[in-house]
Amino acid sequence: MSNHSTEAFEALKQRLPDWANRRPIAERYPDMDYGPLPVTPYICEEFFEQERAKIFKKMWLYVGRVERLPKAGDYFTQVIEAVRVNKNSTSPSFIICRDNNGEIRAFYNTCQHRGTTVCWNNHETWDTANRKYFTCRFHGWVYNTDGSLRSVPDEKLFFNLDKTTRGLKPVHCAVWKDFIFINVDPSPRQTLLEQIKPHAEQLKDFPFERIRRRGIWTATVNVNWKAAIDAFQEGYHVGTVHAATLPEAFCGSLNPYCRPTSARIFPQGNRSVTFMVSPDFTPPAVENWVRRRGASWYAAASGDSGSEFPGVNPDNDPFYAFDVHGVFPNLLVDPFIGGFYGHEFWPISVNKTRWIGSINFLAPQKPSDLIANEHGKTLLRDAFREDTVTLEATQVGLESGAIETAVLCDMEIAPRHLYNSVVALVNG
Amino acid sequence: MSTAATTLLPPEFADLERYANDWVLDTEQARNQFRVRQPLAALDDFYHAIFPRMDALCEYIDRYSIDGLPRPAARLLQLGLMLMEVVPAVEIYRAPDVPNAFEFQRFKIISPADPFTIIDP
Numbered sequence: 001m002s003n004h005s006t007e008a009f010e011a012l013k014q015r016l017p018d019w020a021n022r023r024p025i026a027e028r029y030p031d032m033d034y035g036p037l038p039v040t041p042y043i044c045e046e047f048f049e050q051e052r053a054k055i056f057k058k059m060w061l062y063v064g065r066v067e068r069l070p071k072a073g074d075y076f077t078q079v080i081e082a083v084r085v086n087k088n089s090t091s092p093s094f095i096i097c098r099d100n101n102g103e104i105r106a107f108y109n110t111c112q113h114r115g116t117t118v119c120w121n122n123h124e125t126w127d128t129a130n131r132k133y134f135t136c137r138f139h140g141w142v143y144n145t146d147g148s149l150r151s152v153p154d155e156k157l158f159f160n161l162d163k164t165t166r167g168l169k170p171v172h173c174a175v176w177k178d179f180i181f182i183n184v185d186p187s188p189r190q191t192l193l194e195q196i197k198p199h200a201e202q203l204k205d206f207p208f209e210r211i212r213r214r215g216i217w218t219a220t221v222n223v224n225w226k227a228a229i230d231a232f233q234e235g236y237h238v239g240t241v242h243a244a245t246l247p248e249a250f251c252g253s254l255n256p257y258c259r260p261t262s263a264r265i266f267p268q269g270n271r272s273v274t275f276m277v278s279p280d281f282t283p284p285a286v287e288n289w290v291r292r293r294g295a296s297w298y299a300a301a302s303g304d305s306g307s308e309f310p311g312v313n314p315d316n317d318p319f320y321a322f323d324v325h326g327v328f329p330n331l332l333v334d335p336f337i338g339g340f341y342g343h344e345f346w347p348i349s350v351n352k353t354r355w356i357g358s359i360n361f362l363a364p365q366k367p368s369d370l371i372a373n374e375h376g377k378t379l380l381r382d383a384f385r386e387d388t389v390t391l392e393a394t395q396v397g398l399e400s401g402a403i404e405t406a407v408l409c410d411m412e413i414a415p416r417h418l419y420n421s422v423v424a425l426v427n428g
Numbered sequence: 001m002s003t004a005a006t007t008l009l010p011p012e013f014a015d016l017e018r019y020a021n022d023w024v025l026d027t028e029q030a031r032n033q034f035r036v037r038q039p040l041a042a043l044d045d046f047y048h049a050i051f052p053r054m055d056a057l058c059e060y061i062d063r064y065s066i067d068g069l070p071r072p073a074a075r076l077l078q079l080g081l082m083l084m085e086v087v088p089a090v091e092i093y094r095a096p097d098v099p100n101a102f103e104f105q106r107f108k109i110i111s112p113a114d115p116f117t118i119i120d121p
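Protein sequence lines, in the order shown, are assigned to chains A and B. All residue numbers for the first sequence refer to the working numbering, where the first residue is 1 and numbers rise by one. All residue numbers for the second sequence refer to the working numbering, where the first residue is 1 and numbers rise by one.
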């Protein structure tokens with residue numbers, strides 16, 4: 001129910017952009033095909049293998065932010081199933097580190113003696129460790145943090161060993177505003193900046209470098225990676241899925257189905273969508289207290305113009321909440337006034353994905369900042385519990401044989417563009 | 001159990017001392033696990049005891065740097081973090097855990113440690 005008079009309500013409604021109010025997004029992108037989508041790409045193993053070959057082994061993939069590697073010798077490891085050599089291979093592990101000269105580098109976590117894994121950090125610990133050198137625990141070969149082979153026990157016993165040819169195998173590594181990406185393609189066809197260009201342009205001044213990770217959550221879910229992404233890149237689900245956590249925050253009388261206020265479709269599968277809060281919404285007491293401290297993760301009501309966070313709300317829509325930047329292939333970066341939240345989706349098989357969600361805030365200045373931020377962290381985490389519970393139920397239905405095509409509405413343009421872009425790359 | 005000689009919180013917050021043992025926890029994971037195991041009435045009691053004191057609590061802890069909190073002040077900070085863990089259950093869900101949600105045991109909290117430092121005198 002609206003808590004505004006009819007006049008006031010109509011005045012508010014006039015402030016909404018056309019796209020949330022009257023005109024479909026499809027008018028802005030008339031050349032897209034708005035027909036039903038065959039479900040095969042979500043359920044077919046052969047299609048998944050093509051995705052691995054043509055997308056995941058060929059593109060820049062986000063692995064973490066620079067704040068995980070504050071000092072020389074810091075490193076973390078990551079297993080990436082999506083780039084395994086064959087369908088039935090085990091999955092390679094990568095070392096991402098800051099070398100002793102301060103440079104961010106990435107390598108295959110594979111000893112060049114007989115192939116053993118060098119750093120046995122179980123990536124499931126998610127921690128950063130620190131080493132002056134990487135020492136393989138099988139025969140004690142030692143690598144410098146720049147990957148070069150430093151020493152070999154009983155070296156003279158080898159036959160013409162040229163240590164310079166036996167360093168850790170590097171993978172291409174590039175950083176954009178503290179986001180670290182790697183590319184296992186020996187000759188990437190484009191630079192990182194070229195691949196993420198529309199997002200990089202829009203967010204070039206967003207203060208990512210001053211933002212720190214605070215909440216991180218992960219689950220391995222029996223769902224196709226694209227179906228998983230879809231659950232987080234439209235507002236259509238908000239009124240139903242988030243009925244317990246966000247019952248009136250987004251779906252009010254002005255925009256009852258949580259349509260985006262703007263949407264952008266970019267080349268190469270990239271896209272962004274902007275969402276609003278309901279002006280009807282009266283937050284409960286503690287949330288109100290948090291908002292007065294300027295710490296809500298959808299802070300429209302705090303009165304902050306967002307001038308310190310350039311790049312958000314590209315069309316200056318009223319009642320702004322946050323943006324969803326779909327960074328192809330498997331990353332969502334969702335800035336808001338005060339920080340950003342986001343998701344990674346790591347394909348394991350056609351119907352298994354590792355999801356990692358996070359919320360990140362401006363580095364806290366004083367102790368009470370931690371408390372204020374914790375409210376949004378908790379609420380978002382619990383909202384993600386609601387999102388993730390739909391995923392396996394979706395995959396079961398997609399694989400059941402009971403549905404041949406999915407029908408997507410106007411505001412589900414982000415899922416549609418992701419789908420179209422993947423199909424184009426696989427079939428191209 | 002704390003006595004007058006070994007209170008866990010600063011004396012100004014003696015009214016919250018009864019929460020200083022069990023409700024002060026070091027990680028988000030511990031706080032979340034604790035919350036979902038409490039009856040809603042216990043979460044309500046905690047909420048109604050702590051929230052009215054939040055402005056005073058924040059003013060107290062903000063006298064210190066985030067890199068150097070004495071233990072009693074750090075416990076206050078952690079009570080504030082616990083309040084925020086509890087708030088959605090009390091204000092919105094009216095249940096200890098979010099309903100209709102992904103299985104609790106399969107949803108891993110891997111958040112980094114709360115970014116503050118305790119200094120002992």
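Each hint should be verified, as a subset may be incorrect.
List time: in silico DMTMM-like cross-link candidates among lysine to aspartate or glutamate, alpha-carbon distance up to 20 Å [to be verified]:
id: 1; chain 1: A; residue 1: Lys169; chain 2: A; residue 2: Asp99
id: 2; chain 1: A; residue 1: Lys366; chain 2: B; residue 2: Asp55
id: 3; chain 1: A; residue 1: Lys366; chain 2: B; residue 2: Glu59
id: 4; chain 1: B; residue 1: Lys108; chain 2: A; residue 2: Glu392
id: 5; chain 1: A; residue 1: Lys352; chain 2: A; residue 2: Glu392
id: 6; chain 1: A; residue 1: Lys366; chain 2: B; residue 2: Asp15
For each label pair, taking beta carbons as the anchor points, the in silico distance ranges come out as [said to hold, decoys possible]:
id: 7; chain 1: B; residue 1: Thr27; chain 2: A; residue 2: Asp154; range: 44 to 50 Å
id: 8; chain 1: A; residue 1: Ala72; chain 2: B; residue 2: Val36; range: 53 to 59 Å
id: 9; chain 1: B; residue 1: Arg106; chain 2: A; residue 2: Asp154; range: 53 to 59 Å
In short, the hints are calculated from the structure, not lab data. Ideal Cβ positions, reconstructed from N, Cα and C, are used throughout, including at glycine.
Checklist entry - Honestly, which of those hints from before does the structure not fit? => result Violated hints: 6, 8 and 9; rest satisfied.
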